[in-house]
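Number of protein chains: 2
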Amino acid sequence: MEWKNVPPQADSAVSLVTKLMQNAGMFTLEKTTKAGRKGLITTAHGIIPTPVFMPVATAGAMKGITFSDLQTLGADMLLCNTYHLHLAPGEATVKDAGGLHSFIGWDKPILTDSGGFQVFSLEAIRKISDEGVEFRDHRSGDLHFIGPKEAMQIQHALGADIIMCFDECPASTAPRTAQIKAVERTLLWAKICKTEHLKLSKKNKNPPLLFGIVQGGLERDLREKCAKELIAIGFDGYAIGGLAVGESEEEMYTVLDWICPMLPEDKPRYLMGVGERHQLVAAIAKGIDMFDCVSPMREARHGNLWLSDGTKLKIRRADYANDHSPIDPDSPAPTSQKHTRAYLRHLLQIGERYGETIACLQNMAMILGTIRSVRKEIDETEER
Amino acid sequence: MEWKNVPPQADSAVSLVTKLMQNAGMFTLEKTTKAGRKGLITTAHGIIPTPVFMPVATAGAMKGITFSDLQTLGADMLLCNTYHLHLAPGEATVKDAGGLHSFIGWDKPILTDSGGFQVFSLEAIRKISDEGVEFRDHRSGDLHFIGPKEAMQIQHALGADIIMCFDECPASTAPRTAQIKAVERTLLWAKICKTEHLKLSKKNKNPPLLFGIVQGGLERDLREKCAKELIAIGFDGYAIGGLAVGESEEEMYTVLDWICPMLPEDKPRYLMGVGERHQLVAAIAKGIDMFDCVSPMREARHGNLWLSDGTKLKIRRADYANDHSPIDPDSPAPTSQKHTRAYLRHLLQIGERYGETIACLQNMAMILGTIRSVRKEIDETEER
Chain A
1 MEWKNVPPQA DSAVSLVTKL MQNAGMFTLE KTTKAGRKGL ITTAHGIIPT
51 PVFMPVATAG AMKGITFSDL QTLGADMLLC NTYHLHLAPG EATVKDAGGL
101 HSFIGWDKPI LTDSGGFQVF SLEAIRKISD EGVEFRDHRS GDLHFIGPKE
151 AMQIQHALGA DIIMCFDECP ASTAPRTAQI KAVERTLLWA KICKTEHLKL
201 SKKNKNPPLL FGIVQGGLER DLREKCAKEL IAIGFDGYAI GGLAVGESEE
251 EMYTVLDWIC PMLPEDKPRY LMGVGERHQL VAAIAKGIDM FDCVSPMREA
301 RHGNLWLSDG TKLKIRRADY ANDHSPIDPD SPAPTSQKHT RAYLRHLLQI
351 GERYGETIAC LQNMAMILGT IRSVRKEIDE TEER
Chain B
1 MEWKNVPPQA DSAVSLVTKL MQNAGMFTLE KTTKAGRKGL ITTAHGIIPT
51 PVFMPVATAG AMKGITFSDL QTLGADMLLC NTYHLHLAPG EATVKDAGGL
101 HSFIGWDKPI LTDSGGFQVF SLEAIRKISD EGVEFRDHRS GDLHFIGPKE
151 AMQIQHALGA DIIMCFDECP ASTAPRTAQI KAVERTLLWA KICKTEHLKL
201 SKKNKNPPLL FGIVQGGLER DLREKCAKEL IAIGFDGYAI GGLAVGESEE
251 EMYTVLDWIC PMLPEDKPRY LMGVGERHQL VAAIAKGIDM FDCVSPMREA
301 RHGNLWLSDG TKLKIRRADY ANDHSPIDPD SPAPTSQKHT RAYLRHLLQI
351 GERYGETIAC LQNMAMILGT IRSVRKEIDE TEER
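Listed in order, the protein sequences are those of chains A and B. Residue numbering for the first sequence follows the numbering used here, beginning at 1 and increasing consecutively. Residue numbering for the second sequence follows the numbering used here, beginning at 1 and increasing consecutively.
Please keep in mind that the hints were generated in silico from the structure rather than gathered at the bench. Be aware that a few hints might be false.
Unchecked claim - Computed, partial: chain A to chain B, Cβ under 10 Å: (1) 44; (2) 56; (3) 58; (4) 97; (5) 105; (6) 147; (7) 324.
Said to hold, decoys possible - Below, a list of computed lysine-lysine pairs in the DSS-like style, where the Cα atoms sit at most 30 Å apart: (8) B:312 with A:63; (9) A:63 with B:338; (10) A:338 with B:95; (11) A:63 with B:63; (12) B:63 with A:338; (13) B:338 with A:95; (14) B:312 with A:203; (15) B:314 with A:95; (16) A:108 with B:63; (17) B:225 with A:63; (18) A:314 with B:205; (19) A:63 with B:108; (20) B:108 with A:338; (21) A:205 with B:338.
The structure displayed is predicted, hence computed values, not measured ones. Note that the Cβ used here is the ideal one computed from N, Cα and C, for glycine as well.
This is chain A alone, in the form it adopts within the complex (with noise of 0.2 Å):
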């Protein structure tokens, strides 16, 4: 028969095509190990490769890197703020542009956070019910409200592929009444979430994913209430928040211990704002799946180089003054090979932005290359 002839390869390859096809829209899990899992995401802008990172383009542009430069480097997929696009320029804008790709000039995937996280952390003047928060603009003073159907509506009006639910998101450390509250609201926020986004998809040609977040801080009962009424509930994946915000990081790999082996196998997992390039690898191991962090270019900024070595280098000491070699020969960031600690030391010093670009090239360069890294290592080790 022809199709045994079919090499073993291409033959995977068809299989895999095949299968994507049928999972438009949907998680495709390829493998897992001890090292973590390996997966496709299909969304309307492409496939996303998993485990993966996201890089944070906050009102849609990435503080000194350029897109052009972030896809050199290799990022598969971005994050943007709900809560600053809706904003500036607002999501009618956005909408108007034919969506938040054609807007910022992205092809690749993008995931928009509801907007929680911000307006329960960046704003002093805010009011909040069960029904959502009132805010600030924080530029213009306007009164704001987003709740769980307006965190859908701009969502869906600002065109993402993959979407949040809308969440409170205490502190990990905050008390356990408090912790208590945010899972009750959060859950209930989720439904509401989940109704209108079904009702909205309705009316879209391209619906996004929508994403459940586990809450409840490092209480091991609200956190497990949280993602087993998630998952009653239903979502395209499970995101684990409230992280990363002041507790240990052996806290914060317990959840995870909790959580990620409730979860479902056959759907994406976010740890939201990790973070570190060993933290990725540590989470990866225990079943996540999608990161995004700002500290890969916050620590940029301030002069934190992170080395293809796993060490950590602080370029504005004044060792580095005279320090001629480049500033990291093995980056796959340019920028870094061509460039040396002391020139780049010098523009930090005196302010020249051109610094915190090369210092942001290079950060990037090491987390999206430790995704690589993470990836050929499932790839290398055997199945569980």
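Following the hints, put chain B in place on chain A, whose structure we already have.
Here is chain B on its own, set in the frame of chain A:
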């Protein structure tokens, strides 16, 4: 004879190469037309085709543009500020790095200014004498002294391909008495610069070209006297300074009409601090070969975009909030083809620096494109 079979084009290429090799470190005038002159300056870091526009990398970097993007836009040469590099990181560090090209990671030709313009215009606290200028570091408050000898020593240590005489640069609109004194000092210092430069060149494997600077404000006799005496001293090129600092465009062109015909044909001519696209076109037609200016970048940062059709556009105006057309579809800057006006306006309105990057790339593409257009026009215009 064999050589008769060499096709005419190759023959002319061979003779051009021979001519250039004989003229290493010199200027080769290729053509003079009513649209302008076309030539080549041979340096240790490559051949500079003239007319040329030099983007200004103040302390060794452009604000918000990577060198790689700058080369993509067609920059052939960079200008760096001696004043800023002397203060930080200091010429000793630059020399230790192997010179400015190695230090900043730019391998094409570089020109350094003398520092004169900055010490005369930026510093409030200073003491001027016939020996030079004493001034305070605007950051540390430390006292520094730069005179003609120091300017040569610093520039030789920095290692640029073209260096400038230390000159006194009053506003073009300063009174005649101030212009007389400035021309006197400029000529006195030019002699000292030449002597010091020749001395330093003996110890320099790749000695730079040294340019003299014509001062004299809007006073014809002073300008002519300055030019004449500089020519008598003899320099590798001649700059016209003290323009584009307050006088009318008409007055600026008048000074060029006085001076350009006096300057030796076989030396490059550099109009300092200019400018706008139409000014480049006009000045090239009057015989100028080289330009530098911060205005493309400064205007970009203020949201004043230069477009391919020759017009300008104030992108921050509300009119563009929902203009989802490309910034400039005919621009050589890929970011201006990919991104929309509404997006760029949004970024500039909220202070996201990627907005400045996009705007700077646009204006830089325009000014460099103007130079390429004029070169083409000269190619297509009959020799005078």
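*Hints breached by this structure*: 1, 2, 6, 14, 17 and 18
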